[in-house]
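Asks: So you can see what is in the structure, the chains are spelled out below.
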Amino acid sequence: MRWSVFLAWGLLLIAPVASALEWSGNVALEARIYPQSAQFTGQQDDSLSLSLQPKLAHSWNQGTDQFAAELFLRADPENDNRQHADIRELKWLHVAGNDEWRVGIDSVFWGVTESQHLVDVINSIDRVEGIDGEDKLGQPMLHYTRLLDSGAIQAFVLPGFRQSEFNSEEGRLRLPLPVDADRAQFESSDEEQHVDLALRYTHFLGDTELGFSLFKGTSREPEYRTILVDSAPVLVPYYAQMTQFGLDLNSIVGDWIWKWELIHRDQSAGSFSATTAGFEYTFYAVNDSAIDMGSLLEYSYDSRPADQAGPFNNDLFGGLRFAFNDVQSTEVLAGAFVDVKNGSKSLRVEASRRVGDSWKLTGELQVFTAIDGEDALQAFERDDFLLVEMARYF
Amino acid sequence: MLRKILLAALLAGLPVLTMAQTPEEKGLQIAQDADAYDQGFVDFTADMRMTLRNKKGDESVRQIRIRTLEVDGDGDKSLSIFDEPADVKGTAMLTWSHGLEPDDQWLYLPAIKRVKRISSRNKSGPFMGSEFAFEDLGSQELEKYSYKYLRDEPCGEYQCYVIERVPAYEFSGYTRQHVWLDKEAYRMIKVDFFDRKGEPLKTLNASGYRQFLDRYWRPARMEMVNHQNGKSTLLEWTDYRFQTGLGENDFRSQTLKRAR
Chain W
1 MRWSVFLAWG LLLIAPVASA LEWSGNVALE ARIYPQSAQF TGQQDDSLSL SLQPKLAHSW
61 NQGTDQFAAE LFLRADPEND NRQHADIREL KWLHVAGNDE WRVGIDSVFW GVTESQHLVD
121 VINSIDRVEG IDGEDKLGQP MLHYTRLLDS GAIQAFVLPG FRQSEFNSEE GRLRLPLPVD
181 ADRAQFESSD EEQHVDLALR YTHFLGDTEL GFSLFKGTSR EPEYRTILVD SAPVLVPYYA
241 QMTQFGLDLN SIVGDWIWKW ELIHRDQSAG SFSATTAGFE YTFYAVNDSA IDMGSLLEYS
301 YDSRPADQAG PFNNDLFGGL RFAFNDVQST EVLAGAFVDV KNGSKSLRVE ASRRVGDSWK
361 LTGELQVFTA IDGEDALQAF ERDDFLLVEM ARYF
Chain X
1 MLRKILLAAL LAGLPVLTMA QTPEEKGLQI AQDADAYDQG FVDFTADMRM TLRNKKGDES
61 VRQIRIRTLE VDGDGDKSLS IFDEPADVKG TAMLTWSHGL EPDDQWLYLP AIKRVKRISS
121 RNKSGPFMGS EFAFEDLGSQ ELEKYSYKYL RDEPCGEYQC YVIERVPAYE FSGYTRQHVW
181 LDKEAYRMIK VDFFDRKGEP LKTLNASGYR QFLDRYWRPA RMEMVNHQNG KSTLLEWTDY
241 RFQTGLGEND FRSQTLKRAR
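For the record, the sequence lines run as chains W and X. Under my numbering, the first residue of the first sequence is numbered 1, with each subsequent residue one higher. Under my numbering, the first residue of the second sequence is numbered 1, with each subsequent residue one higher.
FYI, nobody ran anything at the bench for these hints, they're computed from the structure. Virtual Cβ for every residue (Gly too), placed ideally from N, Cα, C. Any given hint could be a false lead.
Claimed, not checked - Simulated coverage check for chain W against chain X, where a stretch passes if three residues somewhere in it have a Cβ under 8 angstroms from a Cβ of chain X:
#, stretch
1, 99 to 109
2, 146 to 154
3, 246 to 255
4, 285 to 292
5, 317 to 330
Model the full structure from these sequences, guided by the hints.
Replies: Structural data, given as structure tokens:
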């Protein structure tokens, strides 16, 4: 944490001197409103915070050499834990014919489904920023890609594990007990220094695309163990070693896009499988307007016992995506998860719209309802929230 | 002697044969000649500034870099990299166009570093909120239309063929288009678009043509006016470069996230 903040500000200071570099990014003001009283004593209600995400890029040798840096900083006066900085990207890319090398800190996205990202395991999740798994911590890596005739092979060496940060005891959207990340436990005696390895092969078959992946190393998904600190129970994250095989498939048939992700994970405590499968069907030019409406349906299953599985262990996700195709690029995505077995529901609406040339207004509404006492979302039950963000892009 | 008479009769008959060409045949011939004229450019890159204007005169600007790779026997491959507006900076769109088959299309979303395959069967939707539909900006393959010659007509500083083309693509947003092509170099000067009900919808005017590599003509300005909603979109093209050395690897979904 401390070193990343230092590096972040250091880069910010150096950057303007190098005029050949290309600057971009955004600064955003975020308000979160929690209309319900907190489930746990001492949890805050509303919050106002500021984030800064500067990006720096430079390319030379006709783009066969590229440098990219991206930082993320958030200042939240009322929640110490949300006050954080991360190097999302700090890498050098070199391309030579069909070979690509990436060295440094980077983010990688694997997979095809919308409701959750099972196959995507290279980066640790930034749990302080969001609950959808799409905010990720930068991961140090050596990443080699070999382009093939209709696909690619990628190999990753991942030295050093990035530990998730967790919302503090006073923060909303936290686990039922406070998490003490400083006491995190690791299966490997190398702890955070364990070097993880990954391979990925992607294949293009026209309308169908396939991905196979293999990951061997520290699991990015913490398990939790309860310990007593000063005779008070706290959770400590436990990071197991795992070997995960992943498959993802994306197939276009007319206006249908079929998506499937499957994982099988081996850990010393046992093995399990999980899957997400579904489709997106798009209705174009609804009622002769410019609006396109996509309908999404995905089902997720996790073979672990309910108390060990993730929140979407037997859940159906349905959603509607509206693209207004207007000058302001207005978009709305509304979706709901329903646990098929216990009926717990989690609803979410996201909307965004450009304002003027360089501002963007985003709204997010999250509602948890009929949450079952045994469901993994139980601790969030009273954490419905409305988020409004105004961002200035530069 | 007889042979000479026969030959003379044949020669005399030739113009008659040409005149016997149906308007459909002549329309196709013109389209084929125009297509042949633009073959062999290999690749080109250009900067495109897109200005959207509404009825009240409010303007909104997009800045996009375009790269195109010619593909023999199929539609071209093209890459669009967005620089403005700032919130979409770094977004890139890759299209492998295929005559009458739906294109293959991918989008790179820099915010989540995700390359996403997108459905491209519908090409009639607006591009970036503009008055240009995806199909107006796509690769113009011969088999995408059936053709009919209408007339010859002066068009500004040029003499033009006017042809009608009817989209063969099932999901096109148009019933027909009238296209003005100049007789000298088949430059597209003007296009009238008719909507699904057959009503006049939009008019495209292209101007400021410049020639590259002593052969390929490209316009500096393309203005699309929508007659039904009063909006217009101006495309201003700069920094055209031909045969820049781009290759297949620059137009692949696997390399889309490093497109700069």
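Asks: Any hints from earlier that this structure breaks? Give me their numbers in increasing order, please.
Replies: none
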